[in-house]
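First to last, the sequence lines map onto chains E and C.
The first sequence begins at 1 in the working numbering and counts up by one.
The second sequence begins at 1001 in the working numbering and counts up by one.
Quick caveat, the hints were computed from the structure, so don't treat them as lab data.
Example chain C residues on the side facing chain E (calculated, C-beta under 10 Å, incomplete):
no., residue
1, F1036
2, K1077
3, S1079
4, D1141
5, N1181
6, I1185
7, I1215
8, A1223
9, P1227
10, G1242
Cut-off 25 Å, straight-line C-alpha distance, at most; resulting in silico cross-link-like pairs (BS3-like, lysine-lysine):
no., chain 1, residue 1, chain 2, residue 2
11, C, K1077, E, K285
12, E, K102, C, K1132
13, C, K1077, E, K102
14, C, K1254, E, K265
15, C, K1209, C, K1147
16, C, K1078, E, K285
Yeah, the Cβ is synthetic: ideal placement off N, Cα and C, and Gly gets one too.
If you want the building blocks of each chain, they are given just below.
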Amino acid sequence: MNIYLPIAELSVNIFIILSLGGAVGFLSGMLGLGGGFLMTPLLMFIGIPPNVAVATSANQIVAASVSGALSHWRQGLVDVKMGMYLLAGGLFGSYTGIWIFKLLTSAGQIETFLSIVYFILLFSIGILMLVESSQVIRDRIRKKTVKRKLHYHNWAHRLPFKVRFYASNLYISVIPPIIIGYFIGILSATMGIGGSFILIPSMIYFLGMPTSKVIGTSLFQIIFITAFVTLLHATSTFAVDAVLAFTLILSSVIGAQLGVLFTNKFRGEELRALLAIIVLAVAFKIGVDLLIQPADIFSITVIKELY
Amino acid sequence: MKNILTILISLFLYQGSANALVIGSDLDEITIGANFSGQDLLVFGAFYSDPSLPRDAKGDVIIEVKGPPQTIQVRRKKSFFGFWLNNTEVTFKEVPGFYYLTSTAEINDEVLAKNNITLLTPQDTQEIEWGKIRMPKDRHDFLNAMKRNKNNLDLFAINSDSAQIDILDGNLFKTNIPIPNTVPIGNYTVSVYLLINSELKKDYEYGFKVKRIGIESMIHNLAINFPLIYGLLAVLLAGLMGWISAEMFRRLRKL
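Construct the entire structure; sequences and hints are all you get.
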């Protein structure tokens, strides 16, 4: 059965979209990751134009992050003040990101840009996850327990404009959260991701936030960043496809809940190793597409007189 | 029904001319709704001439379908340190968003060229922004690349190299023109030409519309005309769906 996407202006098989949303939702529910970094490239693989893939993926993440943030919120695991500073940087970042996106689109390089950044991103995430999870698995087999530092004191603690973050038990400068938020905003607007996989480690290592508050706080700020990115794309690239977003949200929320159920059945590190392999496979496909001479070195774009 | 009536009226009106055509079509509108996956446009007609005339004397029919004009950018990739990146670009203006040519027999390219039956007529080719592309061979490559890519999307086909239109009973002809799901929205023209002794005349022209209907059309109009409201609605809907799903599954788990 086909479904017509009014903004992408093409009809696609609805079952492909549903299974894509379901699969990405399942992985994100199982591993507690957003999944935007898989959603956008997979949408592009099935022939959705890159601008629609990015803008619609941001729209879909709004739903995923609201759903995830709520449970953290109920348990009091959101540092709202920190979220606000991240958000302040993030709003400016998404504005910059949209500007970059439009610049690259008019130069005809947006597709290549997305391929390169997604390749770098997915390749590094995949390798990091593979190394980390295999280490944990090896340590488990050797029955070794690894002690981790709880708090990192680094350059971020020596900057001015210090503010007390009671929820996170921190007294740090507001500059690092604003800068981190800014970069996440750029990534979100250009790539259609929430950016939690960069945000979460940054919050732990650069800001020294307690691990328990990190996921909730990152989800909290991702809601607003992706909502803002959706608005920016809707008003400047006109590429948010509500029908595609609706179909993806419907399937991904169900997939995510099934994924959560599965989490308890498997060990986290084994699941992460599995995801690492999937991520590397996607990275490999993108990399090969960049390096192999395309079947047709010419491509066409229809210019819409909208911008 | 309406079309059959048109034919009858036309038959009456055409009395007196030695060779003419009458044409009908099954659609004057193609609507794109939720499960549009392309559609065939049936074009049919009859030679209005003495039925006793031999087939050759009645001439051949060429049907040309043109979609709304578009601006198309064609880009050529080049290898930079092993990476294939878009390099040079050419902009074609006023290119029909859909082009389809079909005929009752093989038609000589010269006849078509002489009568400006082609994707880009010489007037249109002045609308091409060649940019850095100066060599005639390169320009030819870009033009062909545009045709090839549109052909891959089923938006461009020239079938005048063989007889594609069925002739029934010596006097009647009909053909199906495949309109793909990637078809652009807008006004289309169907031109029918009659070719007798390599003399070509445009005999008939009519238009049809491709438009969106239903919720697809509402969504598209909202997104284009009121993008801020559309964006806010998209965000609200997503937020609401996220919230509802979280609540629903929380309650389910408690059961």
